[in-house]
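Protein chains in written order, with this note's numbering: chain A, 1 to 214; chain B, 215 to 465; chain C, 466 to 968.
No lab work stands behind these hints: they were computed from the structure.
For each residue, glycine too, the CB sits at the ideal point set by N, CA and C.
Incorrect hints may appear among the rest.
As the list claims (entries may be wrong) - Chain C stretches covered by chain B per the calculated footprint, using a threshold of three residues with CB under 8 Å from any CB of chain B: (1) 806–819; (2) 840–846.
What the hints assert, rightly or not - Result set (SDA-like, lysine to any residue): computed pairs, CA atoms no more than 20 Å apart in a straight line: (3) B/Lys238 with C/Lys514; (4) B/Lys238 with C/Asp497; (5) A/Lys101 with A/Asp152; (6) A/Lys101 with A/Leu126; (7) C/Lys514 with A/Asp152.
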Amino acid sequence: MSSRERILGRVRRALADVPQDDTPYAQAVCRDYLRQHGDHGAEETVDLLAENLVDYRAVVHRCAAGELPGLIAHLLGERGSQSVLVPPGLDESWLADTDVKRVADLPDSTPHELDRIDSVITGCALAVAETGTLVLDGSPDQGRRRISLIPDHHICVVRVPEQVVSSIPQALERLAPGRPLTWISGPSATSDIELDRVEGVHGPRTLEVVLVSG
Amino acid sequence: MRVALFLTCVNDTLYPDTGRAVVKLLTRLGVEVDFPMAQTCCGQAHYNTGYRHEAEPMARHFSDVFRGYEAIVTPSGSCAAMVRELYPRLGARARAEGRGNTLERMLAPVVPKTYELTEFLVDVLGVTDVGAYYPHRVTYHPTCHGLRSLGLGDRPRRLLRAVKGLELVELPGAEECCGFGGTFAVKNSDVSAAMGVDKVRNAESTGAQVLCAGDNSCLMHIGGTMTRLGTGMRPVHIARILASTEEEPAV
Amino acid sequence: MSATYLGMPGFPPPSHPAFPSFPQAAREAVRDETLRGNLRHATHTIRAKRAGAVAELADWAALREAGKQIKDHTLRHLDRYLEQVEEAVTAAGGTVHWAVDAQEANRIVAGLVRATGETEVVKVKSMATQEIGLNEALEAEGIRAYETDLAELIVQLGKDRPSHILVPAIHRNRGEIRDIFRSQMSAWGRPAPEGLTDAPAELAEAARLHLREKFLRARVGVSGANFVVAETGTLVVVESEGNGRMCLTLPETLISVVGIEKVVPTWRDLEVFLQTLPRSSTAERMNPYTSMWTGTADEDGPSTFHLVLLDNGRTDTLADEVGRQALRCIRCSACLNVCPVYERVGGHAYGSVYPGPIGAILSPQLRGTASEIDASLPYASSLCGACYEVCPVAIDIPEVLVHLRERVVQGGPVTRGGNRVVLQPAKGHAAERAAMRVARWALTHPGVLRGGQRLASRTRRFHPRSLPGPGRAWTGTRDLPAVPAEPFRDWWQRTHGDGEGSE
């Protein structure tokens, strides 16, 4: 007998008390929890996102679409970045005002090569206001999961209000499970020393979020 | 209203003054109290130590003695929780073991009408000011079963706040277990003692003269720790405070 | 008991004399002032924060109930959902393996690593791989496993044992961590920076530097998973530091070892647990990083993915109608942080990778109650109920503790290694059992009780302040109450004697 058969057999014997007509999944779970907490307008939801991002030590900037290239150039300059990693489908115009060296993520780029790049710019799939979370789904403006991980400085652009949802239930509704997803809430952190939160471990230690409107 | 006092075996044997206080208090509030002499023990110690089958006859005995009353009042959060929370579980387990629903049916009548004392006062009698007088600085320890199994909430504190002369001070870490835990106190005596010491130190830090609670078994542990540590504090059951009046003050 | 236990990092098997009973281990721990100080500080810090994070959600009770129902439903139909997982993961390009016990799981993982030709792996913290002692099993095959979670790194470098589910080095304070880094990092790779202080930010930086070279060169990653979604085949890893992302995305091969109870039926179910888990564990609205992946993806992340589904006592636990609720656990560790017993003794006394209240009900079910430690764990609680109150999937830990106490003292039918057996009552409890029987007899006969009470009252002058034998467990630290001159019932009879309700 294979281990598969053995385990499934044990499970079935263990569940001898469960009737054939046990409550089906759709009725077994009472979902009377909230779809979102509080009833915020679009603008308030964006404010809440900004507030929660800042609470977990992300640096938040807000600008109009036309100001984005200038802001990005300013952020890279302020950081002193010499190179910036660019996902294949990033809107070229975002980098129109900067002359920092652009590096494309190629399929055969090694982690060591990525580690030598100062910054990365990505878009996102959506952002969750209640938790201050950005979700990346590997779309062309976000690239592979590794590029938003290895450089120490991540600039993430969120189009507001259209990319912002209030809550986790709303976020899951909009995401495609088959895609590789990364949920990011602030810069990397740890609670491993005396159960107190400290920012800055293996992921980017600086997370800058640009909320772009219009 | 025909009310039975279920004093509990521990109180009957070791803390008769608590029983007398309950009788005095309820009588003062116009309740006719009876003490069925056939009462013994709810079976909690047996159940919680793993002797569920030994606890069953005690539960049946409890039901035999008390089921004819309109309400059963007990000055013990943990014994009230045994009846209210665990008697139904005893019955359900017996059924799951293929022993039918006899036990379940037998225990069912006493479950909803068993009340912890403060719950009876606030919910059934609808009083918070029981006309008591107790001129001391008191801190209140909510015992675990009263707090988490019965959900007594702020009932005891509301009663205490209405007591004339009483200064109620908050106990730091109040909701943390004192470390008694029935047989835990002897099976894991080192941990139990450490918890007891922390509880007493927190109580001392309030400057209160009296630590009050609704369970004498917890108070036995806390009080035993207090005297061993040589603190000047005293453990007092809440019934004695609520029974105390200007005419007949409790010490 | 036929099941063999392979142990955990540096651990003797639980039946080994080196694993003392809980009260014995606790006695030592309670006296360790540094340990108690460290635990007190850490658990009190997180308690208040958790309460705040939970209070932010008005619908917490509904989320908790839904989490419980999702897990219960899954467990009740686990065979179907496991088959669904297998199908979905395979369709997404992964390979599914089934492991009945620790040895089989270790054999599978070691074989998969060997097949890549690699001799080292990077690991993201996983309770399942600790439970099966994977690191030691790999070491025996000449494969070095690097723990990359900060706390796991502290434990691994310190040749220590984990003592907490979420923060395995909770028993260490910052000064101790600095000393371990200074003295041990060089033996494992990049040494600690010169002049390292005990500032948490510097310690985190030291870990970043030390592990970076390992992440960048790693070709095989090993993980567990917090959730596996049956309908999509998606695995979810919830973490903070980014070491998880490193292990899950940089290597070419990823091997995930996951207990069979980690399954949830649908994608939508994550909306409950992604709200309750972070707030219960680190008291955050959301943890810094959560990774979700489904099989393999083109050019993004590992090109080879293996999922090892682990039983190792879980089906035995599932067979117990009362005890099976322990399998709802999502490993948040809120019960540890709030437990007054855990706070005073720490995790090592529990003799398992699963310490605290959840460990006290999980270990004796996964491993059985034959060993001294496992037979003593159900008693490692005052039944105060704080654990049940904070549990985000509403596991009634006191109920299961009492149920397991019954199994220890009264024996009865259980499932071990997939077989139904009848346990004999444990030997150590014969005297107690006899005493309980006598007490029950006395307490169902009011006249006998009354006789005993009167005897106690009349002899009260002769009662000693300290008791001999087992009684010393009480009087060693606490005074006994004085026995009153008469029991209440005598007073009642004197004053109200002719009323109804008399004997």
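Please verify whether B/Lys238 and C/Lys514 have alpha carbons no more than 20 Å apart.
Violated, at about 45 Å.
Using a Cβ cutoff of 8 Å, are there at least 3 residues of the region 806–819 of chain C near chain B, or does the coverage claim fail?
Since 3 is at least three, the answer is holds.
Check whether the Cα positions of B/Lys238 and C/Asp497 lie no farther apart than 20 Å.
violated (48 Å)
For the region 840–846 of chain C, count the residues whose Cβ lies under 8 Å from any Cβ of chain B; is that count three or more?
holds (count 4)
Just to be careful, I want the Cα atoms of C/Lys514 and A/Asp152 compared with a cutoff of 20 Å; is the pair within it?
violated (29 Å)
Checking one constraint from the list: CA of A/Lys101 to CA of A/Leu126, max 20 Å. Satisfied?
violated (28 Å)
Assess, step by step, whether the Cα of A/Lys101 is no farther than 20 Å from the Cα of A/Asp152, and give holds or violated.
With a Cα-Cα distance of about 16 Å, the restraint between A/Lys101 and A/Asp152 holds, given a limit of 20 Å.
When held up to the earlier numbered hints, the structure conflicts with 3, 4, 6, 7 and fits the remainder.
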